[in-house]
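S.K.: Given next are the chains, with one letter for each unit.
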Amino acid sequence: GNSVTQMEGPVTLSEEAFLTINCTYTATGYPSLFWYVQYPGEGLQLLLKATKADDKGSNKGFEATYRKETTSFHLEKGSVQVSDSAVYFCALILLGSTDKLIFGTGTRLQVFP
Amino acid sequence: KAGVTQTPRYLIKTRGQQVTLSCSPISGHRSVSWYQQTPGQGLQFLFEYFSETQRNKGNFPGRFSGRQFSNSRSEMNVSTLELGDSALYLCASRKAPTGTGDTEAFFGQGTRLTVV
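Residue numbers (the working numbering), protein chains in the order written: chain A, 1 to 113; chain B, 1001 to 1116.
The hints are simulated quantities; they were obtained by calculation from the structure and are not laboratory data. Take the hints with a grain of salt, since some may be wrong.
As the list claims (entries may be wrong) - Okay, derived cross-link-like pairs now, PhoX-like style, lysine-lysine, Cα gap no bigger than 25 Å in a straight line:
no.	chain 1	residue 1	chain 2	residue 2
1	B	K1095	A	K52
2	A	K56	A	K77
3	A	K52	A	K68
4	B	K1095	B	K1057
5	A	K52	A	K77
6	B	K1095	A	K56
In this text the structure is predicted, and so the values were computed from the model without any measurement.
Using the sequences plus the hints, can you model the full thing?
M.R.: Okay, structure coming up:
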């Protein structure tokens, strides 16, 4: 079946540290990949996306590259801020007959000053 | 432009009751999907609608139902509420189904349902 696996959290970092959140996927077809972020008490916001192999999605200093050979879409940021503290979800969608997003379990990021 | 609007934001219901949640998509968006978020199960797909037709349904009991109106607004209904239905219910809207190549979904802030 189709699934997304994320690293367990919480990830605890000091401000200005480097961030990596691992995400791997299993898909029967050729998925589009996403990172969503959820701040406390809020819904999901799209952070970045990539629709084909070797695409790099980027936004607000975050980046992720679609790696078909390793079925991965790791999220990185060079220097995190306290305001980046949130839960991050990796997700995939298979274009075609359904709009269903398949999410990973989420990784909580806590950034301390 | 206005985002996805979900009402109400918070709801407390008693076991056995039923509840209706509402979602107004972004203006011009015609595709709506619903998700349930719980600490134990994470984010799970409930159903999706386009042009008033249900295109797909997740693995939830028949107590969960939904519909979409001609103005693209959507409602979901849960009957005979159970304690385990307590969750954050999220609605997402798209311009059109992803088969068109448009993959971006915009989420509302959700409705927090508590069943006591």
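S.K.: Would you mind marking each hint as holding or not holding in the structure?
M.R.: These are the hints, each one checked on the structure:
Among the hinted pairs, K1095 of chain B with K52 of chain A is consistent with the structure: their alpha-carbon atoms are about 21 Å apart, no more than 25 Å. Between K56 of chain A and K77 of chain A the CA atoms are separated by roughly 13 Å; this keeps the pair inside 25 Å, and the hint holds. Straight-line distance between C-alpha atoms of K52 of chain A and K68 of chain A comes to about 8 Å, which keeps the hinted pair within the 25 Å bound. A distance of roughly 19 Å separates the Cα atoms of K1095 of chain B and K1057 of chain B; the hinted pair therefore holds under the 25 Å criterion.
Of the pairs offered as hints, the one joining K52 of chain A and K77 of chain A holds, with about 21 Å between alpha carbons and a cut-off of 25 Å not exceeded. Pair hint K1095 of chain B plus K56 of chain A holds up; C-alpha atoms about 23 Å apart against a cutoff of 25 Å.
Consistency with the previously given hints is maintained throughout, with no hint failing.
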